[in-house]
Amino acid sequence: MLVLLGIHAALAAVAPWASKRLGTRVFLLCGLGPLATVVWAATKAGGVIDGTPVTETWQWLPSLGLDATLRLDAFSLLMVGLVSGIGVLIFAYADAYFSMRAGLGRFAATLVGFSGAMLGLVLADNLLLLFVFWELTSITSYLLIGFEDTKPAAKAAALQALLITGTGGLALLGGSVLLGQAAGTFTLSEILASPPSGGVVPAAMLLLLAGAFTKSAQVPFHSWLPGAMAAPTPVSAYLHSATMVKAGVYLIARLSPSFAADVGFWRPLVLTVGAATMLVGGYRALRQHDLKLVLAYGTISQLGFMVVLLGVGLEGATFAGAALLVAHGAFKSTLFMVVGIVDHQAHTRDLRVLSGLGRRLKPTFVVSALAAASMAGLPPLIGFISKESAFESILDADLGGARVLVLVAIVVGSVITFAYTARFLWGAFADKGAHELGGEPIGPDVPRPGWALLGPAAVVGVLGLAMGLFPSPISPYVSEAGRALDPLLEPHKLILWHGFNTALVLSIGTFLVGSLLFFGRRQVEALQARVPALPNADDGYRFAVSGTIRTAERVTSVLQNGSLPVYLGVIMMTVLAVPGTLLLTGTRFPTEIVVADTWLQLVVAGVVAVAAVATAWSHRRFAAVIFLGGVGFGVGVLFIIQGAPDLALTQLLVETLVLVIFVLVLRHLPERFEAQRWRLGQAPRVLVASGVGVFIAAFAMVAASVRTESPVSDAHLALSVPEAQGRNVVNVILVDFRGFDTMGEIVVLTVAALGIAGLVRAARRERAVAAGRAARVERMEREAQP
Amino acid sequence: MRFRRSLVLDVGVRVTFHTVLLFSLFLLFAGHNAPGGGFIGGLVAGAAFMLRYVGGGADEVQRIEPVTPEVLLGTGVIIAVLTGMASLVFGGDFLQSGYHPQDLPLLGKVSFTSVLVFDIGVYLVVVGLVVGVLRSLGREETEGEAAPAEGGEAAT
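Chains A and B supply the protein sequences, listed in that same order. As numbered in my numbering, residues 84 to 869 make up the first sequence, in order. As numbered in my numbering, residues 2 to 157 make up the second sequence, in order.
Extracted from the complex, chain A is given alone in its bound form (with noise of 0.2 Å):
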């Protein structure tokens, strides 16, 4: 499985390069990738849906948890299927699709790089590598998205799927992270075969849900896919039908029978956003007049479908959703890759001028009306199967009150999908009266697609038919996939005929209530026309961004005004505040206090803090720096006392240089602060100094008298001889126990110098240079002068 990986990411790697030579058939060439995968996995199906999964173990990080750990199971089989399946097709309609330009290569290397990344995403056992390729996945598809980079629109759309689907992506993550914890391992096999539960697992749950429904274009994230509609057509068709919207599937999938029992708000939340994205997918679907945006719309519809059934977590349902699954990529790849055709004839995909394609483009007209047949749900085809097994389902669920509103929601959203199937197929093919054109009509005349163009198509489209005709070949695939995803459920048929049932009659109502909706289009469009618009994700979208930009930028303005006092007043209010309030709170102070032990500390102690006073009261600069000097030396004499000749001897040194230092700079000072006064006065400031000095005070002395492990002062002067052959502690410490700090700080000693010759010689040569302008404005006016 590495390997098949491998394959695809050499190919995105050599595909710019190859496009030179194979101009549009590098898509022959990086189709390859998914071949090497639909091979690979057929001589591994037979094994797999025997119950026996394929894994394949690689040591990445061991120490994060994080091993490269692929698995495939009878599910990500039918994954799999989808994926590279559908991949092939596609990279095959590509070729005829595109004719050469320029940057076609990297989008070739692009379109692999996703596939690969798709196809790791439902190969990967754990988590961790889950999220890499999931965020792969939304990383590619934003340079997809954006591919034609000097449209706006086409930028605007790729940034908003972005930016959705990458915060989900970090939802996902932190869930995972939670997840992983809870349980004790990152490998979802384990995971899901022993769901940990309580603690932290809601969290994790409600983030993991948030990140599929982002990838998954749920409501409320479902604005960026009707936006995704700006890449090109091949892209769509892939995205839409078998890849990225259907890695948020998968994942609830894979996760509901593990969670969705146990998980309280799990079952309400999955059915009420899956329910509600049904709706909304298709009720805006009926309305567009742009053929793809009407099959974008039904996509956001039917995953919504899938979320119901597959996130229940319930027997018959995880089997009606894996055969929806399969259904969907099957009709939905067909309708895009027709639309594509559509579009590259007539240049238009607008269905108020298109009229009379159907007689012009018989072919293509049929391989559509297979696959808008499978959509709505009409038998034989493989849609008919997946919606009467749906439909049955939910009939015989064990959902209490809920059961009868899902029922309703799927069986409207079925009506309505029908409806839309209608109008795609009417709206594409139809003769249409002068009545009903907007335009001048678009169709009769349009130059027929050639067989390299209308195959990958023709290929799905009857493949829909021919699963509709004979499940028993893909039945057990189906079954074992739901079984993968939940080991306790019985295997299960797909069957075309089941009886005069319940669900049979909900289908016949179906088909009944969506002509009716098709055929009075026009008091459906004048209906929806007077609906106040419902709230617009796409208006909530552009609210969250720019109301993120404002407050970054009023934050920004506020935190960062550029005040030297306000930026000091913050970090010292902080040490305030948050050490402060601790220290008052959480400890208890020295009782017994040493005050000194010689008289000689007292009176040097005084000193220093009479020059630190001085210091701060003196007006001129010069008189603050010998002050502060005083502050420095008297400390330098205080470690004397003490006994420590190394820091007193560092501190004196140290003290000398930075007063010289200081004095160098002061020549370049005017003599005095600036009387410029601080705009809340002079109080805010002396409060928060005082405050801040009480606080180190207090904090040194808790600080040493509450120690309770042994200093590691001990261990140095035990060590010192021993380990470095030094009876001088200090300098031990700097040169060998912390010798890596040491180097540190004087690389930092050296930038430092550098930084203050370079500063120096970049003034200097300023006022040199308006110096010199100077003399030379002096001297041609003297030179004028005469």
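Please keep in mind that the hints were generated in silico from the structure rather than gathered at the bench. Incorrect hints may appear among the rest.
Per the computed footprint, the stretches of chain A lying under chain B, defined by three or more beta-carbons under 8 Å from a beta-carbon of chain B, are [to be verified]:
| no. | segment |
| --- | --- |
| 1 | 655-666 |
| 2 | 721-733 |
| 3 | 814-825 |
Beyond 10 Å from chain A on every Cβ pair, some chain B residues (computed) [unchecked claim]:
| no. | residue |
| --- | --- |
| 4 | L10 |
| 5 | G57 |
| 6 | D60 |
| 7 | R136 |
The beta carbon of each residue, even a glycine, is placed where N, CA and C say it ideally should be.
Position chain B relative to chain A; hints supplied.
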């Protein structure tokens, strides 16, 4: 502005300069077992240069320095890093120290340690810092300002 030099200060500083430098070297080498070390030694040497600055200004410092501060800084850092890497060559950890006791004539038993080399690096960096600061900050405003006038103007 001309730097007014005091003869007594000048001579006094010149007399003490080498003594102070020698003392700083003593501190450097004695540092492992007695007060001192690279940092303190470097500061003392810096103080020696500072005395020369007080006596004769930035030009005096520039006149007596054998190499530029940049060279001192760079050499110091390179020595320190190489010392650290040397222990890698001998199979130890980065900056692990090694010792070599040896009987020397005149001085008796002396233990050579690799950290002394590291300390020399520290010493050079500190001296380089002080001399560099004296040279850049200590120069008078009026010096060397006329020269780039025309060229500077052309460049803007």
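Structure-based check of each hint:
Here the segment 655-666 of chain A counts 0 residues with a CB under 8 Å from a CB of chain B, which misses the bar of 3, and the coverage is violated. Counting residues of the segment 721-733 of chain A whose CB falls under 8 Å from any CB of chain B gives 4; the rule of at least 3 is met. Given a C-beta distance limit of less than 8 Å, the hint that chain B covers the segment 814-825 of chain A holds, as 8 residues qualify and 3 suffice. With a cut of 10 Å on Cβ distances, L10 (chain B) stays outside the contact zone with chain A, its closest approach being about 15 Å.
The non-interface label for G57 (chain B) is consistent with chain A: the shortest C-beta to C-beta separation is roughly 14 Å, beyond 10 Å. With 10 Å as the threshold on Cβ separation, the claim that D60 (chain B) sits away from chain A holds: the shortest Cβ distance comes to roughly 15 Å. For R136 (chain B), the shortest C-beta to C-beta distance to chain A comes to about 8 Å, within the 10 Å cut-off, and the non-interface label is violated.
The structure fails to meet hints 1 and 7 from the earlier list, while all remaining hints are met.
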